[in-house]
Amino acid sequence: MAAIKYHLIKKDSKTKARLGILETPHGIIETPVFMPVGTQATVKSMTPEELKEIGATIILSNTYHLYLRPGHKIIEKAGGLHKFMNWDRAILTDSGGFQVFSLNSLRKITEDGVEFRSHIDGSRHFFTPEKVIEIQNALGSDIMMSFDECAPYPADYDYVKKSMELTIKWAERGKRAHKNTEKQALFGIVQGGTYEDLRKECAQRLVDMDFPGYSIGGLSVGEPKNVMYDIVNLTTEYLPEDKPRYLMGVGSPDDLIEGVIRGVDMFDCVLPTRIARNGTVFTSKGKLIVRDAPYAEDFSPLDEECDCYTCRNYSRAYIRHLFKANEILAARLATLHNLYFLIKLMGKIREAIRQDRLLEFKKEFFKKYYRNKEEY
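This note's numbering numbers the first residue of the sequence shown as 1 and each following residue consecutively.
Hint data in this document are derived by calculation from the structure and do not stem from the laboratory. Hints should not be assumed to be uniformly reliable.
As the list claims (entries may be wrong) - The calculated lysine-lysine pairs, modelled on DSS-like cross-linking and capped at a C-alpha distance of 27 angstroms, are:
# : residue 1 : residue 2
1 : Lys52     : Lys243
2 : Lys348    : Lys44
3 : Lys131    : Lys243
4 : Lys367    : Lys285
5 : Lys5      : Lys131
6 : Lys175    : Lys5
7 : Lys77     : Lys179
8 : Lys344    : Lys10
9 : Lys367    : Lys225
As the list claims (entries may be wrong) - Using C-beta positions, here's what the derived DEER-type ranges look like:
#  : residue 1 : residue 2 : range
10 : Asn233    : Gly286    : 22 to 28 angstroms
11 : Lys77     : Arg354    : 42 to 48 angstroms
12 : Lys14     : Lys77     : 50 to 56 angstroms
13 : Ile28     : Pro70     : 26 to 32 angstroms
14 : His321    : Lys162    : 49 to 55 angstroms
15 : Ala293    : Lys10     : 43 to 49 angstroms
16 : Ser284    : Ala2      : 38 to 44 angstroms
17 : Arg176    : Lys363    : 43 to 49 angstroms
18 : His321    : Asn233    : 42 to 48 angstroms
19 : Asp254    : Pro70     : 33 to 39 angstroms
20 : Gln355    : Ile28     : 20 to 26 angstroms
21 : Pro154    : Ala2      : 35 to 41 angstroms
22 : Pro224    : Thr181    : 36 to 42 angstroms
Where a beta carbon is used, it is the ideal one built from N, C-alpha and C, also for glycine.
The whole structure should be built from the sequences, with the hints applied where relevant.
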């Protein structure tokens with residue numbers, strides 16, 4: 001039996017948006033879905049109970065970071081990542097590829113894998129496609145990623161072509177090494193930079209390998225938004241309808257809506273938690289920098305339309321005070337709000353697809369969110 005099963009429930013008539021259900025060993029996920037990021041086996045400042053309360057059904061954790069600290073063998077001894085962090089819903093782990101390739105001067109790529117130095121203590125390590133599968137098998141995530149090379153932007157055609165070929169070879173090797181297919185689903189990752197022919201070729205070759213799901217990687221790395229949207233639109237054309245599609249590292253409200261319109265089912269991003277810790281929150285009327293001076297005597301909630309715990313109980317003035325005083329509660333309240341905002345947004349997107357009015361919803365949402373802009 002396969003580890004996951006995707007059911008396509010409804011397609012939007014005017015866009016490529018899909019309403020679906022993803023069955024996993026740790027629960028059912030309604031898609032499209034946003035996945036909060038718990039890099040080091042924790043969504044920064046949130047408890048698993050709080051994540052459940054705000055409606056999170058799946059979170060993401062990071063292979064590279066957990067391999068370096070505390071080590072995948074320790075997590076395996078604990079009974080896997082779910083037990084280790086006390087989270088009984090679904091977990092997706094990335095391959096560590098993005099982190100390793102972000103190290104730049106600290107890494108060396110060969111056909112066999114990547115040699116890199118730890119960002120923690122400078123120690124040497126070697127990731128192969130097989131090693132990355134071994135680590136994720138030990139972590140016990142519901143959904144795993146193939147090891148891929150994430151090409152930088154911009155990069156010339158020949159480099160990206162070689163990088164894509166390597167990603168495909170590594171996907172083949174990872175698929176061969178993955179034995180726990182009944183409990184863990186391995187996704188293939190489509191690379192190819194901003195070159196349409198390479199994206200098409202990569203998608204088609206990965207589809208031929210018959211993965212249970214497909215990720216779109218190598219985007220949101222500095223390319224213009226319209227280019228990203230075009231590549232996503234092109235890539236989903238070549239992905240099967242009966243498998244989930246995951247756009248990696250993308251999670252601003254506008255990107256979520258635009259991604260869904262182009263046929264994406266799953267998203268993750270550190271953005272909501274990272275900006276929350278810096279005092280920036282999402283609201284229905286756009287982003288708000290709550291630590292700024294104008295909010296010192298503003299006793300309204302972060303967002304009048306939000307019913308999260310933070311907005312029901314605290315004012316902008318109080319949260320600004322917490323940030324100014326460097327209190328830990330500031331990050332907790334802002335993080336909870338931002339994650340709730342995006343999870344709630346995905347619920348509204350699903351409802352709009354159900355009612356076949358996603359484009360109308362997009363227009364209404366953007367009109368408020370970008371209220372100072374002429375176009376949306």
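Evaluation of the provided hints:
1. Lys52 <-> Lys243: Holds - the C-alpha atoms of lysine 243 and lysine 52 are around 26 angstroms apart, at most 27 angstroms.
2. Lys348 <-> Lys44: Distance of about 25 angstroms is within 27 angstroms: holds.
3. Lys131 <-> Lys243: holds, 26 angstroms
4. Lys367 <-> Lys285: Measuring from Cα to Cα gives roughly 9 angstroms; hence the hint holds.
5. Lys5 <-> Lys131: This hinted pair holds, its Cα atoms lying about 26 angstroms apart.
6. Lys175 <-> Lys5: holds, 18 angstroms
7. Lys77 <-> Lys179: With a Cα-Cα distance of about 19 angstroms, the restraint between lysine 77 and lysine 179 holds, given a limit of 27 angstroms.
8. Lys344 <-> Lys10: holds, 20 angstroms
9. Lys367 <-> Lys225: Holds, at roughly 19 angstroms.
10. Asn233 <-> Gly286: 22 to 28 angstroms: The hint (22 to 28 angstroms, Cβ to Cβ) holds, given that asparagine 233 and glycine 286 are roughly 26 angstroms apart.
11. Lys77 <-> Arg354: 42 to 48 angstroms: Distance hint for lysine 77, arginine 354 holds at roughly 44 angstroms.
12. Lys14 <-> Lys77: 50 to 56 angstroms: About 51 angstroms separates the Cβ atoms of lysine 14 and lysine 77, which means 50 to 56 angstroms holds.
13. Ile28 <-> Pro70: 26 to 32 angstroms: At roughly 30 angstroms between Cβ atoms, proline 70 and isoleucine 28 fall inside 26 to 32 angstroms, so the hint holds.
14. His321 <-> Lys162: 49 to 55 angstroms: For lysine 162 against histidine 321, whose Cβ atoms are near 53 angstroms apart, the range 49 to 55 angstroms holds.
15. Ala293 <-> Lys10: 43 to 49 angstroms: At roughly 47 angstroms between Cβ atoms, lysine 10 and alanine 293 fall inside 43 to 49 angstroms, so the hint holds.
16. Ser284 <-> Ala2: 38 to 44 angstroms: holds, 39 angstroms
17. Arg176 <-> Lys363: 43 to 49 angstroms: holds, 47 angstroms
18. His321 <-> Asn233: 42 to 48 angstroms: Since the Cβ atoms of histidine 321 and asparagine 233 sit about 45 angstroms apart, the hinted range of 42 to 48 angstroms holds.
19. Asp254 <-> Pro70: 33 to 39 angstroms: holds, 37 angstroms
20. Gln355 <-> Ile28: 20 to 26 angstroms: This hint holds: roughly 21 angstroms between Cβ atoms.
21. Pro154 <-> Ala2: 35 to 41 angstroms: At roughly 38 angstroms between Cβ atoms, alanine 2 and proline 154 fall inside 35 to 41 angstroms, so the hint holds.
22. Pro224 <-> Thr181: 36 to 42 angstroms: holds, 39 angstroms
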